[in-house]
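Start from the sequences, fold in the hints, and give me the full structure.
There are 2 protein chains.
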Amino acid sequence: MATTFRKQRQSVIGLFRALNTEAAAVPRTRPLYRRIVELIERGVVRGALMPGFRLPPERELASALRVSRATVVSAYRELEARGLVRGYVGRGTFVSASTDGNVPFAWRGKISATAIQTTDSTLRELVRHAADPKIVSLAAGEPALDLFPTEAFRAAVDDVLTSHGTMAWGHAPTEGQGLLRETLARRFGGDPGTILVIAGAQQGLDLLARCLIDRGDAVIVDRPGYLGALQSFRSAGARLFGWDVARADMDELEDLLLRYRPKLIYTNPTFQNPTGVTLPIRARRELIELARRYRVPIVEDETYCELSFGPPPPPALNELDEDGTVVIRVNSFSKVLAPGLRLGWIGAARPIVDQLAMMKQQVDPHTQNLVQLVVSRLIDGGMFDRHLVALKGEHRRRRDAVVKALHKHTPTGALRFSVPDGGLFLWCRLAGEVRARDVQERALNDSVFIVTGEPFYADGGGTRELRICFTTKPPDVAAQAARVVAASVVSAMRQAIRAEPISRIV
Amino acid sequence: MATTFRKQRQSVIGLFRALNTEAAAVPRTRPLYRRIVELIERGVVRGALMPGFRLPPERELASALRVSRATVVSAYRELEARGLVRGYVGRGTFVSASTDGNVPFAWRGKISATAIQTTDSTLRELVRHAADPKIVSLAAGEPALDLFPTEAFRAAVDDVLTSHGTMAWGHAPTEGQGLLRETLARRFGGDPGTILVIAGAQQGLDLLARCLIDRGDAVIVDRPGYLGALQSFRSAGARLFGWDVARADMDELEDLLLRYRPKLIYTNPTFQNPTGVTLPIRARRELIELARRYRVPIVEDETYCELSFGPPPPPALNELDEDGTVVIRVNSFSKVLAPGLRLGWIGAARPIVDQLAMMKQQVDPHTQNLVQLVVSRLIDGGMFDRHLVALKGEHRRRRDAVVKALHKHTPTGALRFSVPDGGLFLWCRLAGEVRARDVQERALNDSVFIVTGEPFYADGGGTRELRICFTTKPPDVAAQAARVVAASVVSAMRQAIRAEPISRIV
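Chains as they are written, first to last, in the working numbering: chain D, 1 to 506; chain F, 1 to 506.
FYI, nobody ran anything at the bench for these hints, they're computed from the structure.
As the structure is a computational prediction, the values presented were derived from the model and not from experiment.
Treat the hints loosely; a few may be bogus.
[As the list claims (entries may be wrong)] What the simulated footprint calls covered on chain F by chain D, stretch by stretch (three residues with Cβ under 8 Å from a Cβ of chain D suffice, anywhere in the stretch; the number is not a length):
| id | stretch |
| --- | --- |
| 1 | 45–55 |
| 2 | 142–151 |
| 3 | 171–182 |
| 4 | 197–211 |
| 5 | 275–287 |
| 6 | 293–299 |
Heads up, the beta-carbon is just placed ideally off N, CA and C, and yes, glycines get one too.
The following block contains the structure:
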């Protein structure tokens, strides 16, 4: 006790000594707590008090200065607010790191808790590499953009600017341009009031996460599932539980519903991202039945439903949900026209469209007019459907080229995948001890970028899986890139075989 | 006590009677709690248990059925999850409203707490009325869109599509197209790495709110201030405190900083929305000095800084912040080109740009490419500057027309406003007991829409104020609309004078 007391006295004396030359500079007319603040501030700024200097305990300083403890507390709080000192419970108050001009404003300390959790940059890496001309990316999901109907688009821009005048330039309803909402309702069913136009599916998922999820809510997601959706739900504070969409075991889903009481079920039922799997009609009906019974909304991501080059896939969940009450459908033009356009839509019951629009007004008051009017024209004029036919034919050729190259250049069993009749993705499982990250790194060394399975799992997994987008490059380039992937698999396998005995010894 | 017991017994008997005919239908092989659930579910669905029927207390039912209380608790929770019953603490568990097909899925109960708070639809009303051809809107802030350089825009679209090929269609970096970031850095200073391209200022404010604000944080905002910013911060859970930007009293600001320890200061220093006020250079320097001292970031909304038709306004805060560390600048092309384009940018220290980009990837992975490339070309080719000159000249004519009409058709003192040399807005104070809402309603009856002051105040006020956007309509139409506003003021004044004695008697 005596030692502690002596230490504290010394600490006060230390402070007084350090600030001796500063004291004269601080006018005595100021309120007491301000004088303390200024004294210490001067000391810090002029280097008399170095970073890490421990200030005297509040009680001690108060008694030495014959002021109330509250005065010292105020002064310390003030110094802390100015970033000059930092208090640690049970340890004391210390002078912070130097504050001279070279030290950046301490941004890190100002970031919100939500933002600090937002550290997965997979999506950003994907779009960055996709835009890098030096890399052949089979990573980001893009359709055959070289088939984009540029001339039809240009003509539609001209038409819109000529016929709709300033409609393209002004503010527009948050829900979307009436013309496009009508076009979408005609094409996909429902009425225009149940459609919200958005700047791409990702914005839709973000709006849904913000409108439906409270921190701590459970959400059931595809396992594996679209990583952008996982990010949106996670960032809204959801606890994610995976449901294996390929097995589509309804008892398992019911168990999850009973156990976690989720706020919503997110699924991508057609040519699923990342697996390429399509949920059969019976499973779709059962899913809706379960959702109704447990009163859990389904968020259905139908981004790939128009990209079948085989038999037509089953109807979307929201088409099977006859009352239109339990399914919220998210759609995008990114995979049927171009991701650069930033255009998508949500189909849902009116109360949900209304709530989402209320949220959207504050996030992005409306979606760009020109692209809405142009796409509406492309659909109504038949150019969109003609483009889809060409796109699907080309996608089939690219899929065949990639599949052939992978089969040819990997040993049997090294890379297992099933071949989907649509969508954009091949989902590949690596054999044995081969790590997907290892394959990814080797391929990137040869300027080919693919994604590993991990980010698609909400609850672990995917270390032996790879997603390959087969649609981005012309057949010859795609085949060549697939060959690089195959070679990377083979060399990663050799490495794994060599490494194995060592790991067993260790 | 005895009465209570009797009541409870009766309640169990009531349930058993109601479910007598259902019991046979539920197989005895199911787990006990499931049997209870199914029995009650059947009862509800078939109408034997009507909405409002009070289920027996859990303990009572458990003892009557000779099962553990936990079993009944599980069953009730299950029924509640299915939306069939609803428990109220201290009151019991009741059968919910009917669940037949006509009743919409209970969406309201599924909305997140954040979304339920998002009920201010002012912004949405603004954009809706602005797009309605039957209404002359002086409400939404829009520049003279009839001057939009449509031909230059069309030519730039052609150029971009010809020279940049698929760059417009593919994925692009979240931070923005390199070409546009370089153009912006050349025009506004800084380097491209400190610029984040966004889909309009509102998206920027939302990203900033999400990256910087934790629920309960204090934020200082202009009083009155831009309503979209207030909404974004409020929706992130901020407590808002207003600072009178027109008075620009720095002692008051310092008091606010000391008292509330805010997470950030939001201000719109040039031709402020809604007041039209511009913060003088000295106040700007002091503001930065205070922000530095208290280590509080400034979010500066510089949407109107290029819209002066008088002497040039002082430099932006981020230009005065020489280290570039304390000011985050939000900008938009909505008021200098067109809001329909959805294009803006943020200038900030790299760590902030990085954090914001991480958040943006999950909200809207990148801004539309075509508009980025086209606007970059319009700036680099000089078309943008030529447009600005024309725009400002026209804005001055429109301002003069509106000011003249208001002066001419309102009695002296009925509507006080100062006349800004730029921006888009006149901020008008009504005399005496005249309510802004009353004037707004009268004007809307004559198809002219203006906004009242309330939504611009974070902490009450604005009931006697009106914001008039003077730039949207050609001088003659604007003058005519201003005349309608003036007439509405006059008739609201008469009403107020007539109403006064009555309200005094009551």
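Comparing the hints with the structure gives:
Counting residues of the stretch 45–55 of chain F whose CB lies closer than 8 Å to any CB of chain D gives 0, so the stated coverage by that chain is violated, three being the minimum. For the stretch 142–151 of chain F, the assignment as covered by chain D holds, since 5 residues bring a beta-carbon within under 8 Å of that chain's beta-carbons and 3 suffice. Only when three residues or more bring their CB closer than 8 Å to a CB of chain D does the claim for the stretch 171–182 of chain F stand; here the count is 4, and the claim holds. A stretch counts as covered by a chain when three or more of its residues have a beta carbon under 8 Å from one of that chain; for the stretch 197–211 of chain F and chain D the count is 7, and the coverage holds.
With 0 residues bearing a CB less than 8 Å from a CB of chain D, the stretch 275–287 of chain F misses the requirement of three and the coverage assertion fails. Under the rule that three or more residues need a Cβ within less than 8 Å of chain D, the assignment of the stretch 293–299 of chain F holds, with 4 such residues.
In summary, the numbered hints that this structure violates are 1 and 5.
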